[in-house]
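Trainee: For this one, chain A is given, so just place chain B on it according to the hints.
From first to last, the protein sequence lines are chains A and B. Take the position in the first sequence, starting the count at 1, then add 34; the result is the number in this note's numbering. Take the position in the second sequence, starting the count at 1, then add 15; the result is the number in this note's numbering.
Simulated restraints, written as ranges between beta carbons of each label pair: (1) A:Gln71 <-> B:Lys228: 30 to 36 Å; (2) B:Ala83 <-> A:Phe112: 32 to 38 Å; (3) A:Asp67 <-> B:Pro190: 53 to 59 Å; (4) B:Gly172 <-> A:Gly41: 41 to 47 Å; (5) A:Gln71 <-> B:Asn85: 35 to 41 Å; (6) A:Phe112 <-> B:Asp23: 43 to 49 Å; (7) B:Ala171 <-> A:Gly41: 46 to 52 Å; (8) B:Ser119 <-> A:Gly47: 42 to 48 Å; (9) A:Asp42 <-> B:Gly259: 16 to 22 Å.
Keep in mind the hints are simulated off the structure, nothing from the lab. For each residue, glycine too, the CB sits at the ideal point set by N, CA and C.
If you want the building blocks of each chain, they are given just below.
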Amino acid sequence: MEAALEGDGSQVGVPHGALLVEFGEAMLGGDEDRRTQVRNALYAAMGPAALVDAAATVASFNAVVKLADGSGIPLEEFKAQGTADLRAELGLEKLNRDTR
Amino acid sequence: MGQALLFDPAALEIREGLRRECGLGWERLASAGTWWTGEQRLALAAEARAAHACSLCQRRKAALSPYAENGRHDGLGTLPAAVVEIVHRLTTDAGRLTKKWLQSMLDAGVTEEQYVEAIGVVALITALDTFDLSLGFPQRALPAPRPGTPTRHRPAGAKRDLAWVSTVAPEDLSPGDPDPYRIHGVKNIHRALSLVPQEVLNFFDLDVELYLKDHEIRDFTQEFRALSHIQMELLAGRVSALNGCYY
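So here's chain A without its partners, still in its complex pose (with noise of 0.2 Å):
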């Protein structure tokens, strides 16, 4: 869980994690030299399929943020109770609008 947030992504033993995790990186926040090579690596290591879903994925996840965070939604009961240790640990509830 906490490679998803941060890190490299290649010690979580995620088939192409490090590759993964940097063409989200460079998508949202690389110039255009960074994310043809993040491209090209993705493409050469994982196919064109992969890459388009790679590609699809980050799509859905840059959108669907604006849904909860514009909304002001809160977190499932189930949800927040399940995973209470896991954002404190992780420190996830500097993010909670909530508490703003």
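Mentor: Only chain B this time, still in chain A's reference frame:
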């Protein structure tokens, strides 16, 4: 020297459902919605694109608090100032929006319904543009507006009991209300834009092709994409963290 793509993005095979819903997404951006005309929806989308180069947004993003930076947005001049503020904040710094800020937008004359539909438009153009960008396509020209009149349908069962905006619980939908829950699910994320139910459909019709359908997300008996569940969740988690999204 600039890097070059080693493949042709136009030659990439896009899943049929994803290709279909992307096409529909562009059409929906240009079509009359519930509270905004097609022309207005495209103006919202254009303003979302402009937000990425806005100097006020950049100063705010770098600041400890976005509310410490004042000024005028580098907008396109086609929308009221409050609407520009909404679109720019949603686009560049949604993770730090507050209920108090939203109230200030409503006090400035934007209706709750217009606001919710604007979220839908910003989310839709963000998804479509990010997909194109991530594959290496140049930014697409916005389509021409389609004729039509907004329906101006507010669900009778809408209540301000869950979120900062009114939402419609599944059990409070009336006959004649679009029903996104039957197709997409009943999580809070599906309720977020339910004051304008068509926007829930507009977004999630595309999103289930970009990501996964609700029942597929926790079906670990099979993989539905060229990425595995865990690969998608790693990538999704990083993107969400970069956006500062708590939910």
